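Construct all of the structure, not just a fragment, from the sequences and the given hints.
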Amino acid sequence: GENVEQHPSTLSVQEGDSAVIKCTYSDSASNYFPWYKQELGKRPQLIIDIRSNVGEKKDQRIAVTLNKTAKHFSLHITETQPEDSAVYFCAASREAAGNKLTFGGGTRVLVKP
Amino acid sequence: DVKVTQSSRYLVKRTGEKVFLECVQDMDHENMFWYRQDPGLGLRLIYFSYDVKMKEKGDIPEGYSVSREKKERFSLILESASTNQTSMYLCASSFGALNEKLFFGSGTQLSVL
Chain A
1 GENVEQHPST
11 LSVQEGDSAV
21 IKCTYSDSAS
31 NYFPWYKQEL
41 GKRPQLIIDI
51 RSNVGEKKDQ
61 RIAVTLNKTA
71 KHFSLHITET
81 QPEDSAVYFC
91 AASREAAGNK
101 LTFGGGTRVL
111 VKP
Chain B
1 DVKVTQSSRY
11 LVKRTGEKVF
21 LECVQDMDHE
31 NMFWYRQDPG
41 LGLRLIYFSY
51 DVKMKEKGDI
61 PEGYSVSREK
71 KERFSLILES
81 ASTNQTSMYL
91 CASSFGALNE
101 KLFFGSGTQL
111 SVL
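Just so you know, the protein sequences line up as chains A and B, in that order. In terms of my numbering, the first sequence opens at residue 1 and continues consecutively. In terms of my numbering, the second sequence opens at residue 1 and continues consecutively.
FYI, nobody ran anything at the bench for these hints, they're computed from the structure. All the pointers check out, no bait thrown in.
Okay, the calculated bits of chain A under chain B, using three or more residues with CB under 8 Å as the criterion:
| hint | region |
| --- | --- |
| 1 | 1-11 |
| 2 | 43-54 |
| 3 | 103-112 |
Since the structure is predicted, the reported quantities are computational estimates derived from the model, not experimental observations. Note that the Cβ used here is the ideal one computed from N, Cα and C, for glycine as well.
Below you can see the structure in the form of structure tokens.
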């Protein structure tokens, strides 16, 4: 089955700096890569996703890049703000019935004012 | 807004008890999932269902079973609770046959004593 590894497990950045979280996956047939954000005490919510037919996707201050050859993808947050403090999860899946996502272990991001 | 409701926020049970965790979604989603969340391990899939009365094992199904008698309701059953099943349990749902955004419930923190 799929295995997703995520690094780092914790990340502390100064407000205004950039944050980068990296994930690797094992199943070369995976073609869908979402990122979820979980604020303290709240439920995870999708913030951005990318499919294997594109190499990069951007939405305001967040962007995701995908390298299918190397089987890794990354989340980039620019101009970090205190509200970016949360746990971020990457995930991977094949495009198949049921949308069976395999998640990484999570990265706790702390943005210091 | 999609609502995914889990019946209990906190639950304390004794070893050996049979435990039912209930999840209801109100958006006519085909797919429903049960994950457990443990620090450093991310979200691990226990079971999922992509149709009424259909169920599929996830990555860690041992010690659990599920029931989906109606489209909107997906129940997770711990046949004989054990201390290593102490965890946060998250239910999620999604629409459609292909990869789609997951909508999560607010979670049930289960403690097995």
